[in-house]
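Assembling the complex is the task here: the two chains are given apart, and the hints tell you how they should meet.
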Amino acid sequence: MLHIKPILSSLMRSKSGPVLLLLQIILSVAIVANASFIIHERLTMMQRDSGLMEEQVLSFNVYNFDPAIDNIQQNVIDQQILRGLPNVIDASSTNMMPLSGSGWMDRYVDSADEDTAKSMPGFALYLGNEHLLNVMGAKLIEGRNFRPEEINTQLDQSGMVAMVSKPLAEEFWGDESPVGKIMYQGAQTIEIIGVIEKLQGAWVNHENFEYSVIQNIDFGGGLKNKTYMVRALPEHIPALEEAIVKAFHAENPNRVIDGFSSLLDMKKESYSNHRLMATLLSMMVILLLLITALGLTGMVMFNIQRRTKQIGTRRALGAKKRDIVNFFMVENYMICLAGGVIGGLLSLQLGQQLMSLYSLPMLPMTYPIAAIAGLLIVTTLAVIFPALKAAKISPAMATRSV
Amino acid sequence: MLSMKNISKVFKTDLVETHALRDFNLEVEEGEFVAVTGPSGSGKTTFLNIAGLLEGFTSGEFCLDGVNVSNLSDNHSAKVRNEKIGFIFQGFNLIPDLNLAENVEVPLRYRGFNRAERNRRVESALEQVGLAARMKHLPSQLSGGQQQRVAIARALAGEPRFLLADEPTGNLDSLMARQVMELLENINQTGTTIIMVTHDAELARRAQRNIQIVDGQVCDFSMYQKAEQSVVTDLQQAAGIQQAASSNG
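Residue numbers (our numbering), protein chains in the order written: chain Z, 174 to 575; chain X, -14 to 234.
Hints listed in this document are in silico derivations from the structure and should not be mistaken for laboratory results.
The beta-carbon is built from N, C-alpha and C at its ideal position, and this holds for glycine as well.
Among the clues, some could well be false.
[What the hints assert, rightly or not] Far from chain X, by Cβ distances over 12 Å, these chain Z residues were calculated:
hint: 1; residue: Leu193
hint: 2; residue: Asp239
hint: 3; residue: Ala241
hint: 4; residue: Asp288
hint: 5; residue: Ile314
hint: 6; residue: Glu323
hint: 7; residue: Thr326
hint: 8; residue: Ile459
hint: 9; residue: Gly485
hint: 10; residue: Asp496
hint: 11; residue: Ala564
[As the list claims (entries may be wrong)] If you only want the chain X side, here are some residues facing chain Z, beta carbon under 8 Å, derived:
hint: 12; residue: Val1
hint: 13; residue: His4
hint: 14; residue: Asn34
hint: 15; residue: Leu39
hint: 16; residue: Lys64
hint: 17; residue: Asn67
hint: 18; residue: Phe72
hint: 19; residue: Ile80
hint: 20; residue: Asp82
hint: 21; residue: Leu83
hint: 22; residue: Glu87
hint: 23; residue: Tyr95
hint: 24; residue: Arg96
[Said to hold, decoys possible] Below, computed lysine-lysine pairings styled on PhoX-like, alpha-carbon distance capped at 25 Å:
hint: 25; chain 1: X; residue 1: Lys(-3); chain 2: Z; residue 2: Lys565
hint: 26; chain 1: Z; residue 1: Lys494; chain 2: X; residue 2: Lys69
hint: 27; chain 1: X; residue 1: Lys121; chain 2: Z; residue 2: Lys188
hint: 28; chain 1: Z; residue 1: Lys419; chain 2: Z; residue 2: Lys494
hint: 29; chain 1: Z; residue 1: Lys291; chain 2: Z; residue 2: Lys371
hint: 30; chain 1: X; residue 1: Lys(-3); chain 2: Z; residue 2: Lys482
hint: 31; chain 1: Z; residue 1: Lys493; chain 2: Z; residue 2: Lys565
hint: 32; chain 1: Z; residue 1: Lys178; chain 2: Z; residue 2: Lys188
hint: 33; chain 1: Z; residue 1: Lys565; chain 2: X; residue 2: Lys69
hint: 34; chain 1: Z; residue 1: Lys178; chain 2: X; residue 2: Lys64
hint: 35; chain 1: Z; residue 1: Lys493; chain 2: Z; residue 2: Lys562
hint: 36; chain 1: X; residue 1: Lys121; chain 2: Z; residue 2: Lys178
hint: 37; chain 1: Z; residue 1: Lys371; chain 2: Z; residue 2: Lys312
hint: 38; chain 1: X; residue 1: Lys(-10); chain 2: Z; residue 2: Lys482
hint: 39; chain 1: Z; residue 1: Lys371; chain 2: Z; residue 2: Lys339
hint: 40; chain 1: X; residue 1: Lys69; chain 2: Z; residue 2: Lys493
Just chain X, same shape as in the assembly (with noise of 0.2 Å):
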């Protein structure tokens, strides 16, 4: 689903160089719910946007859902986030002087549907999140929650092949969080891919696959997870046989 080699990504100025992202390799299959954590400044943001071709990057190689998406024009970029990602953002980025309707709707009106298709997939997305009945209120009269939820939906309404979340749960209090968390899970249970990025380690062990990224590099702790799961059956293993060995004996 998305496959990163090497990629690198430095901010130059006239008196330094910053290397955002150093060789940074990851692929994620797809239906995978990947968190991606990791210390501030260590480059959580700038994958997320790079996964999200929210900006370029300095070499390597990028693709998503089998194209290369390395050198895409500005418009291509667009259209292919229209498309086929779906964004969820911290702030939920919400437009004030819209509807949830007209909210879920922008990412619609940018791809062309007409006004039936439009309205279809809004009901639809709003539904999905259990916020059908408020359509036409302003983000203003939602509670945190809710504003994240109306976000999620914007994300569905376009039914990308992969959700890109930035702390989606980080202004969000503990209850509201699990259930945002939870929408996630069953959004991705549909089969819909998704990276989160968080600070959250609570939330982060939610997720099916636990990537650390230090100093602009990747830590995969999943393999530590399997190492450490197969410890665990070698050591019940080991206990099951000392244990027949003791019956018998």
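Looking at chain Z on its own, in the form it has when it is part of the complex (with noise of 0.2 Å):
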């Protein structure tokens, strides 16, 4: 039997200790629910597929010196020096990094002209050659890549082709296939020849984060210094830095090459304080859960040294050893539901203020829920060792004068 009504006649009778541990109980539900919700926000926003192979590719910076340098020539000449490397799978120059937090962004309209046009989203605008696409391990999902006689050099030239990420083409044009559509940048047009099914931009943060463009301009060809992106098979990469530095300099050595950097280092730097986020919430969640055990715990051994008398009558009457166990465990899984409860309504408010405050989402029922069944699980946890020591106390407790 599990003895509800006295239990809680008793507890109503002597609230001080029951209340501040209701409190307790309220504000870690509360807090754990909201906490844990950004954590897992945190988290799927880290694991979020960003379509590239992020731990095959390398790129680098290279800043060129010699004046006589013809950047077009140099451009063409630096790719196959990266493409003739041993264990190098391909190779292209770009104008910016995925996931790097730094790169290029535009708007495109759908029509030429201005009263009726109709803006796109803004995107990450990448630019490259036919190898591109391949170098970042992207998959082409529909229409085609680049043709190598497509590549331009400057931003400003016709004849303008580009691949549009998946989630772009369906935001833009929905159902519709968006290959064969034109996309104009003033007077420009820019005709879709393919569709990548995931090309992430630069910013991790950013709402239009998977909307990419991929345009026909091979971009190391208008500067002196150029960016370039290497793939090799993970194993293989460290060795490449050394072997790139040494061909570009036996190329031409007035040059630095420096600013190594996998694609992956890029992402976990631009996670970084998202992961940051995630830890020390994770320490706090674990941390209040531990100090509603610790305060669950001492309440129940102060209770248990408090009632020795008590639980040696009970025995002494009749109780049985898992009688004084489930009256422990029902009187703290009463206050810890009385908590969890309030608490749980308690989180729903503060999710509600966190989010006109810092625009997250709405907190889902399932954490505070979550949250009341982890509490339930400590509480188990804490008060059931209490509990048997409790139930080793002997009846003949009940004749003793102390």
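In structure tokens form, the structure reads like this:
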């Protein structure tokens, strides 16, 4: 039997201890539910698939100091050197690195008529040649890649074609295929020739993070300083850095090659704040649950000490050991459930505040429920051991004078 | 009703062995009112704890209500305590956070009675001790005598075969002690066997039978009382014969 009524009566008559514990539980549930939600949000964000071969892509910068250099020619030579290195799968120049926190963003329209043109959402604008898709490991799901003869070297040239990411296509054209559609940048037209399954931009916190466009411009030809991307298997990447420097200097020593970074490292760096937040909040959740568990254990131990004679008397009057264990479990489950329900409601209120203040999504009901369930487990672990100890109190304690 | 044969209880520590009871023998018949007295440390409480199945013993045999209870499991002991034995403690041992009805209800809940049966028994037991009107009061709102009457009601509610009272009047003044004693006598008259441990010689004398525990062994004064009674009867008879002879002469 659970004996809920007398336990409740007893709790109502000596409230101070249980009320303090109740407050602790209420706050714990409210904070743990919201913190867990934020942690989950951050983890989900960090685990988003970039659609790229993050661990296989290495990027670096080249700073040319030779005044006689022909940028376009040097760009072609450099890429040939890179592709000729052992273990290199492919290489390309680029104007920006995905997930790096720095890059290009643009917004095109769907018509040349300014009055009727509809603006597309903002997107990350990648400039590259026919190798870029393969270097990043992105997957083309519709249409085609650039042809070598289509590659431009300047932004203002004609014959612009582009590949767009699927999320961008779906957002703007819905179920309709974007292949063959024309995007307009002022008077310039850009024809869509392919759809990439997934290609994220540079800014992990941006709402248009999944919207990207690659245009047929070998950007390395336009500038003295260039950024290259090289793809190789992860085990070959460490040795590749030295090989690249050596090969580039052999070709032309008047340049500095640095800023080697894998896409994986860039991703880690971009998500570092989120990781820190998730770690801190996780520690806070663990700490809160631990403090609550200690509070529960402390109160149960205090109550056992205070009620030693009462426990002996209950045993003398016919309580079995399991009745004593049940007594303490039920008593604390009641406090925990009451605190859990109030804390759950408070967590929803707190979630509303966070939603309005920090633009967080609405706290789903599953989080308060999970927090209460977690707290029930904590209660069980915190109470069961002292309760088992209490059950060992001899019934003969009833006749002792202390 | 209660039969203890050669019961020994030894408390062992690393250094010493203390014999709380040694070769303790006692037979208590159904319906008896037995007072147990003895000096402090003689083994009274140990006897009471063993008789009430509150603790085990080292050797011997103990039968309660015809059943050997020497080696019962913890759960089985609890069941026997709950169903057959009523306890009255010197310090009343009421639960301060529960009202009188809830206190009396405690053993009934452990017995698994339904609410209607519990309520019936609680009301009846509190009525028996004259406190039915105060069942919603807390123990702290009652005098010591009243609290002990609640404890008696709690013991009676389970309708036990015998009551074990541990210094039931030890914490009461003489008037209240007398009232409690009268209540116990009334309960005994209904057929309930009572064993009462007491320091109070006057109260002990009111019991049908007196035993004294000295150094963990029983000194049964009932045989002295019987012998004394027999001597008195013989003397009275002798005096009667002498009187008759002198009047005839």
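Status of each hint after checking the structure:
no.: 1; hint: Leu193; verdict: 17 Å, holds
no.: 2; hint: Asp239; verdict: 91 Å, holds
no.: 3; hint: Ala241; verdict: 96 Å, holds
no.: 4; hint: Asp288; verdict: 81 Å, holds
no.: 5; hint: Ile314; verdict: 69 Å, holds
no.: 6; hint: Glu323; verdict: 86 Å, holds
no.: 7; hint: Thr326; verdict: 87 Å, holds
no.: 8; hint: Ile459; verdict: 34 Å, holds
no.: 9; hint: Gly485; verdict: 8 Å, violated
no.: 10; hint: Asp496; verdict: 6 Å, violated
no.: 11; hint: Ala564; verdict: 10 Å, violated
no.: 12; hint: Val1; verdict: 20 Å, violated
no.: 13; hint: His4; verdict: 17 Å, violated
no.: 14; hint: Asn34; verdict: 5 Å, holds
no.: 15; hint: Leu39; verdict: 4 Å, holds
no.: 16; hint: Lys64; verdict: 7 Å, holds
no.: 17; hint: Asn67; verdict: 2 Å, holds
no.: 18; hint: Phe72; verdict: 5 Å, holds
no.: 19; hint: Ile80; verdict: 6 Å, holds
no.: 20; hint: Asp82; verdict: 4 Å, holds
no.: 21; hint: Leu83; verdict: 6 Å, holds
no.: 22; hint: Glu87; verdict: 5 Å, holds
no.: 23; hint: Tyr95; verdict: 4 Å, holds
no.: 24; hint: Arg96; verdict: 6 Å, holds
no.: 25; hint: Lys(-3)/X / Lys565/Z; verdict: 19 Å, holds
no.: 26; hint: Lys494/Z / Lys69/X; verdict: 19 Å, holds
no.: 27; hint: Lys121/X / Lys188/Z; verdict: 19 Å, holds
no.: 28; hint: Lys419/Z / Lys494/Z; verdict: 78 Å, violated
no.: 29; hint: Lys291/Z / Lys371/Z; verdict: 24 Å, holds
no.: 30; hint: Lys(-3)/X / Lys482/Z; verdict: 24 Å, holds
no.: 31; hint: Lys493/Z / Lys565/Z; verdict: 10 Å, holds
no.: 32; hint: Lys178/Z / Lys188/Z; verdict: 15 Å, holds
no.: 33; hint: Lys565/Z / Lys69/X; verdict: 23 Å, holds
no.: 34; hint: Lys178/Z / Lys64/X; verdict: 22 Å, holds
no.: 35; hint: Lys493/Z / Lys562/Z; verdict: 13 Å, holds
no.: 36; hint: Lys121/X / Lys178/Z; verdict: 14 Å, holds
no.: 37; hint: Lys371/Z / Lys312/Z; verdict: 7 Å, holds
no.: 38; hint: Lys(-10)/X / Lys482/Z; verdict: 30 Å, violated
no.: 39; hint: Lys371/Z / Lys339/Z; verdict: 6 Å, holds
no.: 40; hint: Lys69/X / Lys493/Z; verdict: 15 Å, holds
The structure fails to meet hints 9, 10, 11, 12, 13, 28, 38 from the earlier list, while all remaining hints are met.
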